[in-house]
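*Asks:* Take a look at the letters that make up each chain.
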Amino acid sequence: MTDATDRPTDVNGDEHVDETSETIVKTVEETRRDAHDIWVSGTEERYPFAGSTDEGAQEMLPEGDDPAASIQQGVSVDDDYTSEPRNDSEERQIINMGPQHPSTHGVLRLHLELEGETVRRVKPIIGYLHTGMEKTAETLTYAQGSTNVTRMDYLAPFHNELAFSLTVEQLLGLEVPDRASAIRVLMTELNRVSSHLLWAATQGMDIGALSMMIYGWREREVCLDFFEKTTGLRMNHNYIRPGGVAADLPDGWEDDVADLIVAVSGGLDEYEELLNENPIFLDRTMGVGVITPQECKQFGVTGPMARASGIPWDLRKSNPYCGIEQYEFDVPLGLHGDVHDRYTVRMAEMRESLKIVEQVTASMPRGDYRSEDRKVTPPPRKRIDESMEALIHHFKLFTEGIKVPEGTAYQSVEGPRGEVGCVIVSKGGAKPWRMHWRAPSFAAVQALPVMMTDSLVADVVASLASADPVLGDVDR
Amino acid sequence: MAGVSSEPGFLLTTLEKGVNWARTQSMWPASFGLACCAIEMMGTGAAHNDLARFGMEVFRASPRQADLMIVAGRVSQKMAPVLRQVYDQMAEPKWVLSMGACASTGGMFNNYALVQGVDQVVPVDMYVPGCPPGPQSLMHGILSLQEMVMDGTIRNSTGVV
Amino acid sequence: MTEMTEPDGAAAHVEGVANVTDNELVASIVDGIEGASVTEHRYASSETIYHMVAVPVDSWVAAVSAAKERGFDSYVDLYAVDHFAQAPRFEVGINLISMEANQRVLLTTRVPYDAPSVPTLTDVFAGANFYEREAFDLFGIDFPGHPDLTRILLPDDWEGHPLRKDTSVGSIPVQFKAGSVDL
Chain V
1 MTDATDRPTD
11 VNGDEHVDET
21 SETIVKTVEE
31 TRRDAHDIWV
41 SGTEERYPFA
51 GSTDEGAQEM
61 LPEGDDPAAS
71 IQQGVSVDDD
81 YTSEPRNDSE
91 ERQIINMGPQ
101 HPSTHGVLRL
111 HLELEGETVR
121 RVKPIIGYLH
131 TGMEKTAETL
141 TYAQGSTNVT
151 RMDYLAPFHN
161 ELAFSLTVEQ
171 LLGLEVPDRA
181 SAIRVLMTEL
191 NRVSSHLLWA
201 ATQGMDIGAL
211 SMMIYGWRER
221 EVCLDFFEKT
231 TGLRMNHNYI
241 RPGGVAADLP
251 DGWEDDVADL
261 IVAVSGGLDE
271 YEELLNENPI
281 FLDRTMGVGV
291 ITPQECKQFG
301 VTGPMARASG
311 IPWDLRKSNP
321 YCGIEQYEFD
331 VPLGLHGDVH
341 DRYTVRMAEM
351 RESLKIVEQV
361 TASMPRGDYR
371 SEDRKVTPPP
381 RKRIDESMEA
391 LIHHFKLFTE
401 GIKVPEGTAY
411 QSVEGPRGEV
421 GCVIVSKGGA
431 KPWRMHWRAP
441 SFAAVQALPV
451 MMTDSLVADV
461 VASLASADPV
471 LGDVDR
Chain B
477 MAGVSSEPGF
487 LLTTLEKGVN
497 WARTQSMWPA
507 SFGLACCAIE
517 MMGTGAAHND
527 LARFGMEVFR
537 ASPRQADLMI
547 VAGRVSQKMA
557 PVLRQVYDQM
567 AEPKWVLSMG
577 ACASTGGMFN
587 NYALVQGVDQ
597 VVPVDMYVPG
607 CPPGPQSLMH
617 GILSLQEMVM
627 DGTIRNSTGV
637 V
Chain P
638 MTEMTEPDGA
648 AAHVEGVANV
658 TDNELVASIV
668 DGIEGASVTE
678 HRYASSETIY
688 HMVAVPVDSW
698 VAAVSAAKER
708 GFDSYVDLYA
718 VDHFAQAPRF
728 EVGINLISME
738 ANQRVLLTTR
748 VPYDAPSVPT
758 LTDVFAGANF
768 YEREAFDLFG
778 IDFPGHPDLT
788 RILLPDDWEG
798 HPLRKDTSVG
808 SIPVQFKAGS
818 VDL
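Chains as they are written, first to last, in my numbering: chain V, 1 to 476; chain B, 477 to 637; chain P, 638 to 820.
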């Protein structure tokens, strides 16, 4: 007499008698939340962290059940661009991409609903790199803040530090010396070049031009060598701080920069020769991953992505900061908003940045590299032996920190991915009450559905690479 | 060299050495780049600091084909089950190298969001300090791990023969 | 409910600057909205002016829609702040740009602790979607009308809202595990 219902059994195979007379039936959700049956080679051990990788309500549900289906179909913005979805739900399949996958943009997880090879819905699931940086910022002083903030968009650390420092300076009402501003412009423009070089390398690799990945790093190493010489670190520099910069430029920096410009320009020429007329590259990038200007404005997509769609907006031109208005440079624009236009825009932007770097080198003002205000920047070490005031200032700055008056401020700069901004709410005191980061990649990831839907799976990778998201920025 | 009688014979010792040599000379990493350390890891694999000359020819996307998992970057609470799942999918012998301060101990982010050290989730064979460790530091860590495998100091990450 | 008035003698960071400032455009956003207040701010190391407009939560959608109609059609950011002891407790702010007029405005509103609910802006700006989910995830602010208000940065089974001020940062004491290395 076999019992058709499944009764839970213990290790010895004995059935448990239910206290209630009902069969225990697990709901779908409960079954999914249990730890997976992972094939663990060689051992039966399981550490307590082997929880489920199922993210419950954050995942994509079948079309009938998902309340946000229209957003995932990329039709949430009215931009006069329509598509006819077929309603054959039986032929559709939801697949998971990530968070560990070889397209090296970090730990982004995408749920794609496929109809054959065509993508119909996209749902990005993020948070796999959430570091609680905004909470950590409330425990750090303003001088320590740039160490935290620099690790958000880890490909453009100078821009992060600059946005943070400028916001603090806005609250302090502090103006930094001209040399400090010029050094800031120099470092951020070089950072734009190194970030776009990495983008070019990963874009090439994702499209299939693997040589780009190997050789794209060559010129980036030249930039990183200069960063190491100036700031001491290749990445995550903690160099641009409220009050100015941490140290002056090293001796002989003009020659280093001149060599760098020659090396990078040569490299750019080579990459353009490799890719510009390559028929495979053109086929894979033209008309792929289109985003319209209306969608850019609605989703908050800024930077090269917006400019490739034709929106003439660059914070360096419209809200110039750090004296960048004195340098002559163009802002390249695209027309179609596809992957190819983003490629052209970024390659041209690198050359424009090198132009700015040349001008900064030629016209670098003399003076202090940081503000003289002793309530913000510490005195030079030798002065501490000579002056009581210097000693007290040093003591106060390193035990308590910079005191910032009450208020709320926002400031943003043009990073390689768009508008990088910082909101600081201060209630007096040495630590921010709240620091919020306006991350450009967060908006770009949110706009992925409009770029990827109604195109092929292969184009998903190309679009994602051209959006250039940095997950440290997205998840903070 | 200790007494010969208690040790395996000459042939087996040489075979073991041969196996260890083979394991170190083509130890393929699984790509598990998470944050800033991943950029330095990619830089280590690129042309300037070429990791392929040490046998790490390709970064395998599939963990089933990989030997070494370099956890490069900060592991958040949401990522920990994924990390464990990828580790479990790797075939023996496998090693784990924890790259950077965040992977080793949680780094500068001692807060609610991060796992304070990836050794809470997977057993680690080599820790490489730095924030981020430069390519030379990472290579030093990888080569030290290869030396330890070569010597037989580490069999595999769980210590099981 | 604290009364919001024009702050006296603008805060220390506002300085007399000549350039692009369009108080009329910004003031026209809050035409007909009671209890609104506008402050002017200037960027550091720059001549750029922007405005912050505080509105009561009942006119939240109306104010943001009015801003969009007057040219502030580029969405930039949406954030939340926990003021804790200063009632109303939570502040939600939206950051908008008008590219034609080259103006930026930050509209803010406050909601109390016992009713942390701000009407959703996803019908006005599609980009507010993820940002409101983040504010819900980290602060517990509710956005009625949002199509998919689930957690976004934290695991789905996380309990609590970490960025609230009554939640600690969660640091664990450093454990010095005794270990030795044979060098």
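Simulated from the structure, these hints should not be mistaken for lab results. A hint or two may mislead.
[What the hints assert, rightly or not] Here are the simulated DSS-like cross-link-like pairs (lysine-lysine), alpha carbons at most 30 Å apart as the crow flies:
(1) V:Lys355 x V:Lys229
(2) V:Lys396 x V:Lys427
(3) V:Lys229 x V:Lys382
(4) V:Lys375 x V:Lys403
(5) V:Lys431 x V:Lys403
(6) V:Lys427 x P:Lys802
(7) V:Lys431 x P:Lys705
(8) P:Lys705 x V:Lys375
(9) V:Lys317 x V:Lys355
(10) P:Lys802 x V:Lys317
(11) P:Lys705 x V:Lys403
(12) V:Lys382 x V:Lys431
(13) V:Lys396 x V:Lys375
(14) V:Lys355 x V:Lys396
(15) V:Lys375 x V:Lys431
(16) V:Lys375 x V:Lys355
(17) V:Lys396 x P:Lys705
(18) V:Lys382 x V:Lys355
All values derive from a computational prediction rather than experimental measurement.
*Asks:* Each hint: holds or not?
*Replies:* Evaluation of the provided hints:
Pair hint Lys355 (chain V) plus Lys229 (chain V) holds up; C-alpha atoms about 21 Å apart against a cutoff of 30 Å. Restraint check for Lys396 (chain V) and Lys427 (chain V): the C-alpha separation of about 19 Å stays at or below 30 Å, so the hint holds. A distance of roughly 24 Å separates the Cα atoms of Lys229 (chain V) and Lys382 (chain V); the hinted pair therefore holds under the 30 Å criterion. Taking the CA atoms of Lys375 (chain V) and Lys403 (chain V), the gap is about 8 Å. The hint holds against a cut of 30 Å.
For the hint pairing Lys431 (chain V) with Lys403 (chain V), the CA-to-CA distance comes to about 8 Å; that is within 30 Å, so the pair holds. Simply put, Lys427 (chain V) and Lys802 (chain P) have alpha-carbon atoms about 14 Å apart, close enough for the 30 Å limit, and the pair holds. Restraint check for Lys431 (chain V) and Lys705 (chain P): the C-alpha separation of about 35 Å exceeds 30 Å, so the hint is violated. Distance check on the hinted pair: Lys705 (chain P) and Lys375 (chain V) sit about 41 Å apart at the alpha-carbon level, beyond 30 Å; violated.
The suggested pairing of Lys317 (chain V) with Lys355 (chain V) holds, with an alpha-carbon distance near 15 Å, which does not exceed 30 Å. For the hint pairing Lys802 (chain P) with Lys317 (chain V), the CA-to-CA distance comes to about 38 Å; that exceeds 30 Å, so the pair is violated. Among the hinted pairs, Lys705 (chain P) with Lys403 (chain V) is inconsistent with the structure: their alpha-carbon atoms are about 37 Å apart, more than 30 Å. A hinted pair counts as satisfied when its Cα atoms are at most 30 Å apart, and Lys382 (chain V) with Lys431 (chain V) qualifies at roughly 28 Å.
Proximity of Lys396 (chain V) to Lys375 (chain V) is assessed by CA-CA distance (about 8 Å); at most 30 Å being required, the pair is judged to hold. Between Lys355 (chain V) and Lys396 (chain V), the direct Cα distance comes to roughly 42 Å. Violation of the 30 Å bound is thereby established for this hinted pair. With a C-alpha separation of about 15 Å, the suggested pairing of Lys375 (chain V) with Lys431 (chain V) holds against the 30 Å cut-off. Taking the CA atoms of Lys375 (chain V) and Lys355 (chain V), the gap is about 36 Å. The hint is violated against a cut of 30 Å.
As the CA atoms of Lys396 (chain V) and Lys705 (chain P) are separated by approximately 46 Å, the hinted pair breaks the 30 Å bound. Restraint check for Lys382 (chain V) and Lys355 (chain V): the C-alpha separation of about 38 Å exceeds 30 Å, so the hint is violated.
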